[in-house]
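Q: Residues per chain, in single letters:
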Amino acid sequence: MTIMLRINGVSRTVDVAAGETLLEVLRREGFVGVKCGCGTGDCGACAVLLNGRAVNSCLTLAGKVDGAEILTVEGLASVERLHPLQEAFLDEGAVQCGYCTPGMLMSGIDLLTRNPNPSEDEIREAISGNLCRCTGYVKQVRAIQSAAERMRSGGDDCAT
Amino acid sequence: MALHQIQSMIRPSTLKEAWKAKAEQCESARFLGGGIDVVLYTPSSVTTLIDLAGLGLSDVREDVSGLMIGGTTTMTEAIESAAVKAYAGAFLIRVLKEVASPLQRNAATFGGTLGSAHPWSDVIPALLVLDAELDVYDGSDRAIGLEAYLEGRGNDVAPIICAIRLPGELRPARGAFATFTRTAFDVGLLNVACVGSIDGGAWKDVRIAVGGTPGLAARLRGVEKGLVGSAADDALIEEASAAAADAIDARDDLRASGEYRRILARTLVGRCLAEISEGSTG
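Chains as they are written, first to last, in the working numbering: chain A, 1 to 160; chain B, 1 to 282.
For the record, the hints were derived by calculation from the structure and aren't laboratory data. Any given hint could turn out to be false.
Unchecked claim - Straight-line distance between alpha carbons at most 35 Å, and here's what the computed DSBU-like set of lysine-lysine pairs gives:
1. Lys85/B - Lys16/B
2. Lys97/B - Lys85/B
3. Lys139/A - Lys85/B
4. Lys225/B - Lys85/B
5. Lys97/B - Lys16/B
6. Lys97/B - Lys139/A
Owing to the predicted nature of the structure, the values given are computational and were not obtained by experimental measurement.
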């Protein structure tokens, strides 16, 4: 079947199998920042924004999201600079092996888009579907707090 | 990973079209809600998916008869709904926040949850104590109580769940929910939902459901009857909790033993009743 997707602001026509997941389609289309960790919705490494909400792309059938707006980690940075959340992850040392980072970033974007001043509990809840085996989540939480402060004070628009 | 057995995905725009497609293909077709269970648990015999997203079943409405949650409404849409927040002290929101992660709640639908009806579901015991009724379609529109729907599963082709209706008269009642999991993200070894209120120092209109026994959630009507009209004190809560432990269909499975589940039931029912009691008197 042929579907239309708007991926990181660019419309594409994509041929997909009826049982193919969005994760598989995105990676085949070159968006390999979207990681396959578990394939069962447990780790969150495959998270992307689907019409503005973070979802497990491994549990999303591509044929179901015909016409959708998809944002992957590749769509966060502009040519000039990283997204404030990406900058904060680097500054706070929230990136170690990096495998969970794309998914963690997308969950953070979903949160900050709706809640520019989240509490620590709200941040922990927002990334509760993103597993990180390198850290204890402290640095990711700090990074999201830091990004929230930067975006509030700098007027950065979270929507990319 | 890809469901290689799936040959086609149908996107009907009416209930009639969706049901016709299911009726024609029977066991080889499956309804598609949020898609999580479809990706995880679709048998190889299913070759066609019928996507219900185009049927316009994703709204949440409040009216004089209560609260209506559309069948393809996601958990997150319900959590963010002012109408759900205003219902029964936001009890349902507290339960929904226990379900998996935001990533899954952004996709998982109420219809999909009830269609799959997993024994470990946190949502089903909550809807049972809220006396949920379902608007379903199986060639014609009809209403069915959630308990009757659950009891009838497997006997006929499962209907399309158009909406969940929660009655308005429960609004003054308080709700409590407790689940016990090995890890925060895991499914519960047992879960308990209660709603109730206290009037003049006595229990009134108490409802208790226990899920993951490991069977499908069920109301404990005998325990409820023992509470209604009796003084809301600690001794009665202890007595009711012990009765709940005896009443559940506790069995062993890979997650826990039946004996352990009875201990959990006693503890969690006690906690829920105490929370409602303290909230009503405090």
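Q: All hints are to be evaluated individually against the structure, with a verdict given for each.
A: Results of checking the hints against the structure:
With a CA separation close to 33 Å, the supplied pair Lys85/B and Lys16/B stays within the 35 Å bound. Between Lys97/B and Lys85/B the alpha-carbon distance is near 12 Å, which keeps this suggested pair within the 35 Å criterion. Under the criterion of a C-alpha separation no larger than 35 Å, the hint pairing Lys139/A with Lys85/B is consistent with the structure, at around 32 Å. Of the pairs offered as hints, the one joining Lys225/B and Lys85/B holds, with about 29 Å between alpha carbons and a cut-off of 35 Å not exceeded.
Restraint check: the Cα-Cα separation between Lys97/B and Lys16/B comes to about 34 Å, which is no more than 35 Å; the hinted pair holds. Proposed proximity of Lys97/B and Lys139/A is supported: the alpha carbons are some 24 Å apart, at most 35 Å.
Against the hints set out earlier in the document, no violation occurs for any number.
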